[in-house]
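From first to last, the protein sequence lines are chains A and B. This note's numbering applies: residue 1 is where the first sequence begins, and numbers increase by one. This note's numbering applies: residue 1 is where the second sequence begins, and numbers increase by one.
Don't take each hint at face value.
Unchecked claim - Keeping only pairs whose Cα atoms sit at most 30 Å apart, straight-line, the calculated DSBU-like set for lysine-lysine is:
1. A:237 with B:296
2. A:250 with B:248
3. A:130 with A:243
Source of the hints: derived by calculation from the structure; they are not laboratory data.
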Amino acid sequence: MSKTIKVFLICLWIFMPIFVYGISAEPFTLAIYSKGEIDNTIVHQIPEEVKKAPSRINKLGYNRGYYNVSTPELTVFPAIDQSKPTPAIVVFPGGGFTHITYDKEGTMIADWLNSLGITAIVVKYRTLPKGIHRNSEEGKKLVLSIVDDCIHAVSIVNTNAAEWNIDPDKIGIMGFSAGGRICASIITQTHSHHPIDYDNYKPDFCCLVYPGLSEQQIESVNADLPPTFITVARDDKVTPANKTIDLYSKMLIANVPSEMHIFMNGAHGFGIYKDRGVVSNWPLLFENWMDKLEITSHNSQGL
Amino acid sequence: MIQLKSLQLFLILNLMGSVILAKPFTVPLYKDGIKDNPFKPINDEKTVNRQADQNEKGLNRAIYNVTDPDLMVYKVPKSDKPTAAVVVFPGGGFTHVTIDKEGIDVAEWLNGIGITAVIVKYRTVPEDYDRGSEEGLKLRELIVEDAVNAVYVSRKHATEWNLDVEKIGVMGFSAGGYLSGAVITQMYVPDNVDYESAIRPDFACLIYPGVNKQHNSRVDSTLPPVFITVAADDQTTPAPRSISFYEKLYENSIPAELHVFQNGSHGFGLGENRGMVNSWPQLFEKWLVENGILDK
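Isolated chain A (complex conformation) (with noise of 0.2 Å):
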């Protein structure tokens, strides 16, 4: 064998995962908005911190709470086979918009949607700064930064979509908690200013993981809002469930293709943790759905 053709073939093999998978599979980081883009309505007095949840830890050994957020971002977390675009969903953790859940809502959430096929896309948005309540009307306007963090972070996605091997047409979001509450936002379009043409960031596709809901959000269910898929446990006593009812009732008058599972047990927070009883279902829920959407294919294996 010539040298040449030893060296083809090494290369060959060296670079053959590029070929079949197109693009590296390596995680990265991005800033939501570039220099002199971002308002300045929230500043924190104190640096970003990272506190690590005692309980509850992931596979990597813990559970990371960011607290005093300043610098939006979003972590790009690739699906593993690349051979052909992928379904990607933006993730929210929630943490009460005082801290971002970053692992049990974030990383794991995109391990998971990873071994699916899906492009996972976790956004670290701005959290309000200590003694703001989300309720009071200073944290509501502020509250409304946090959704812009959202909605960029979303349009990103869509304006990369071809950069990043993502379909167009199966980006959707995914919210925890607070996240569900930004969710819900996007798609019923009650954030008051728009940034960005909805064209930009609508979702085709939306899940719900106990989400916080307001009012007004309930109320702005309409007909044009995403296929979405809704669970919360019936003894959560954080975003109570009868509000996920309120939700999931007008999107039936609206005919939005949706689907609401009410657990029994599981209180909120519960993530996608295998150990929880009935609510450890949802997952495996979602994916059924994702299937039935034509999202993804054959991923579901049954519960």
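Use these hints to put chain B onto chain A, whose structure you have.
Showing chain B alone in chain A's frame:
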């Protein structure tokens, strides 16, 4: 060697025997018959096998003009301890009993997960009646009595049928969901019978149930745990009816679960060949585990 073989044969035959022994049997709902039975159809009881939704055996039978209600008992083939039981009310809009899709097929599935099933063939509004007329509605009240009595009779036979008296539930499809709802909301209690000990189901499962305001107004905190499932595109018993009932359960802190599937329409039975709605039996099974009715 020969001895071992005959031992194997003996064991196999024994096993087959126990399966054969578990053949379902039928008992009348009212052992003394019904005096002055107001169900008087022009035609005799008849069975129609429908073309749609047939099971593997090619059956999806509907029984019309039932005047003589009975219970078909599908016992768990072999169990050394008392088993959980479900009294199953098939649907059929009170004019017929959907005996396979919402009865026997369901019983076979329940047997497979260790639960004895008692299928109720309740009386039906005769073909020549208008089920919505005053007369039809009067008969419906008697059908509710059949439903309540079915649970009562099942409980009475608990020892004989090897049932765990703390694990006797009800399950109803469509009109059968109406009946299950009627049982747990005590729409009827026979005279001189203590509901708590002689009837009250330990759990209830309502599938695309025909629940209405009548049920909703009767919900209180004494109801047992309830599992409900329905499809969002159900045109017969629309999902909002299930949701309203669930809201009452929620307000009364009943341990209840609700699954509204995006698609599946009405009458999906166990959900086979109806897409994602086919997960409900497994969800129900896990719910039973959560409630301590089934072991993990």
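Okay, the hints, checked on the actual structure:
Only pairs whose Cα atoms come within 30 Å are accepted, and residue 237 (chain A) paired with residue 296 (chain B) is accepted, the gap being roughly 27 Å. Between residue 250 (chain A) and residue 248 (chain B), the direct Cα distance comes to roughly 18 Å. Compliance with the 30 Å bound is thereby established for this hinted pair. A C-alpha spacing of about 27 Å is found between residue 130 (chain A) and residue 243 (chain A), which places the hinted pair at or below 30 Å, so the restraint holds.
Comparing the model with each earlier hint shows no violations; every hint is respected.
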